[in-house]
Amino acid sequence: MKVTDKDVAYVADLANLDLTVEERVHMLRDLNSILEYIERLSELETSEVAPMAQVSDRYGVDETRQGSDRFAYAIREDVKDGLRESLPHEVAVENAPDTDGTFFEVPKVIER
Amino acid sequence: MSGLTIEDVRSAIGAKRTTASGLAQDFYTRIRKEDPEIGAFLTFCEERALAQAERIDAMAAEGLALPPLAGVPVAIKDVMVTRGVRTTAGSRILENFVPPYDCTAVARLEAAGAVILGKLNCDEFAMGSSNENSAYRPVHNPRDKSRVPGGSSGGSAAAVAAEMAVATLGSDTGGSIRQPASFCGVVGLKPTYGRVSRYGLIAFASSLDHIGPFARTVKDVAVVLRTMAGRDPMDSTSAEVPVPDYVAELEKPVKGLRVGVAKEYFGEGLDVEVRAAVEAAIQKLAELGCEVVPVSLPHTEYAIPTYYIVATAEASSNLARYDGVRYGFRAKANTLSEMYRRTRDGGFGMEVKRRIMLGTYALSAGYYDAYYLKAQKVRTLLTRDFDEAFKKVDVIAAPTCPTAAFKLGEKVNDPLAMYLADIYTVTANLAGIPGISVPCGENHEKLPIGLQLFARHFDETTLLRVAHAYEESRKPL
Numbered sequence: 001m002k003v004t005d006k007d008v009a010y011v012a013d014l015a016n017l018d019l020t021v022e023e024r025v026h027m028l029r030d031l032n033s034i035l036e037y038i039e040r041l042s043e044l045e046t047s048e049v050a051p052m053a054q055v056s057d058r059y060g061v062d063e064t065r066q067g068s069d070r071f072a073y074a075i076r077e078d079v080k081d082g083l084r085e086s087l088p089h090e091v092a093v094e095n096a097p098d099t100d101g102t103f104f105e106v107p108k109v110i111e112r
Numbered sequence: 001m002s003g004l005t006i007e008d009v010r011s012a013i014g015a016k017r018t019t020a021s022g023l024a025q026d027f028y029t030r031i032r033k034e035d036p037e038i039g040a041f042l043t044f045c046e047e048r049a050l051a052q053a054e055r056i057d058a059m060a061a062e063g064l065a066l067p068p069l070a071g072v073p074v075a076i077k078d079v080m081v082t083r084g085v086r087t088t089a090g091s092r093i094l095e096n097f098v099p100p101y102d103c104t105a106v107a108r109l110e111a112a113g114a115v116i117l118g119k120l121n122c123d124e125f126a127m128g129s130s131n132e133n134s135a136y137r138p139v140h141n142p143r144d145k146s147r148v149p150g151g152s153s154g155g156s157a158a159a160v161a162a163e164m165a166v167a168t169l170g171s172d173t174g175g176s177i178r179q180p181a182s183f184c185g186v187v188g189l190k191p192t193y194g195r196v197s198r199y200g201l202i203a204f205a206s207s208l209d210h211i212g213p214f215a216r217t218v219k220d221v222a223v224v225l226r227t228m229a230g231r232d233p234m235d236s237t238s239a240e241v242p243v244p245d246y247v248a249e250l251e252k253p254v255k256g257l258r259v260g261v262a263k264e265y266f267g268e269g270l271d272v273e274v275r276a277a278v279e280a281a282i283q284k285l286a287e288l289g290c291e292v293v294p295v296s297l298p299h300t301e302y303a304i305p306t307y308y309i310v311a312t313a314e315a316s317s318n319l320a321r322y323d324g325v326r327y328g329f330r331a332k333a334n335t336l337s338e339m340y341r342r343t344r345d346g347g348f349g350m351e352v353k354r355r356i357m358l359g360t361y362a363l364s365a366g367y368y369d370a371y372y373l374k375a376q377k378v379r380t381l382l383t384r385d386f387d388e389a390f391k392k393v394d395v396i397a398a399p400t401c402p403t404a405a406f407k408l409g410e411k412v413n414d415p416l417a418m419y420l421a422d423i424y425t426v427t428a429n430l431a432g433i434p435g436i437s438v439p440c441g442e443n444h445e446k447l448p449i450g451l452q453l454f455a456r457h458f459d460e461t462t463l464l465r466v467a468h469a470y471e472e473s474r475k476p477l
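Protein chains in written order, with our numbering: chain A, 1 to 112; chain B, 1 to 477.
To be clear, the hints were calculated from the coordinates, so they are not data collected in a lab. Note that beta-carbon positions come from the ideal geometry of N, C-alpha and C, so glycine has one too.
Partial list, computed: chain B residues near chain A (C-beta under 10 Å):
no. : residue
1   : PRO99
2   : GLU240
3   : TYR308
4   : THR312
5   : GLY324
6   : THR335
7   : ARG341
8   : THR343
9   : ARG354
10  : ILE356
11  : MET357
12  : LYS374
13  : ALA375
14  : LEU381
15  : GLY432
Extracted from the complex, chain A is given alone in its bound form:
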């Protein structure tokens, strides 16, 4: 597997990055060198091995149960009086680059 210019452009697009021409050249070289190194994983036979997404899967998971019941250990008690307090509105927008005080403002989304 070899990454091409086209792949770099496609992946940058997925990642919401433009990248300069120079950055694309570096990216092509670096991704290929790293992926070549990563290729060695294919030496391992893993068809019978279960994937591991989380260390915490090892603790408290009840394998005898199905679906989300397996993760019963992580379920929180319902809060009696409504939801846990959230950030006050004015605090939540304090770091916004552009706000009218109620909403986050962004450039126009729909072109006329």
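Could you slot chain B onto chain A? The hints should help.
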């Protein structure tokens, strides 16, 4: 104030030989003198520090019992959010970000009496092994300023090494606490996954990220861990496992404990002086009555490729939130899509972009099974290696890094060479087991070398005990 430990500070304040306020001022004076050449601090929070110091002094004046970290000057890696104190993650994209809440670990240290002096430099979003990826400035190793302090928690290690804080917090996703601890000659602990809440830790790779302490002694690291460990309802991956009194257990003899040594950690690429120092340390553990047992961790050579898939895949998802809408830097643009791109292009540095690209590629249609799913399966194999080894031994001893600290600029243009600096540390993150780096000597250039120890999940007690016994054995009689 040289060589101060947590207990020195607490007892001096309790006995009114010093005040927390005076001590905080002394540390700021020292930082202003030393740090321009080191670059460990990005932001100071003097007002918050002095208000806390005054509270501690008031308690001491009233003769009240002082909390465990009373008046202890600490500093925090800038990837942990602090209410009202700018938090950058070492990135331009968060240059002016002032968080509205506190990271749980930070809040717990402060509740235990710690005086938070400021925020510490690091690689951007904790991505790096030399601290050269900081968007602000590189950190210089206090032991040799032409060299890197390690990364990504380079500022945290350097601040302790240069005695600009008694203890610091760092984060470790692939070795980012242990590797800089080794390079700077201090103690650094990565606890078990789930031992310390990640709430308020700016996410890099959520299944691998850990918060942990740096200090000059194993005992101080144990004290800090004890104050911040334990279940936090704000982090559903924090474990409901009781927190032992690590300090009380430290002095128990280590005689009869089994120390595993895996040949996979002593192979090609290991510097001869590092090897000699680590082997001497293992010999020392044998002299203390530990039984040295050979173990095998056969999948070790696959750890780096596995890590760089899992970590970058998670990062590509976690860093999608930086889009210029709700907080952080926003680039000028005419359309929303253009704004996202220009913001991310202008706000992220090259290494962050590289990892987002690699992670996005690994998760993209057609490559998911070959890369991401494959890496998750190998992660299972790497974890099983440790499960098997820990049936035979109580701890495993290894080098923390293949070499001592390298020169600034040495690896900056070779990402793969930089990634290989983490070769002995990433596996503990994938498996979630605790790991510690303890100084175990110096090379011919007087650069520190680190001994790394691993233990079973949630067995920080044994890990710290062995590390402490080793540390004590090195003290001159």
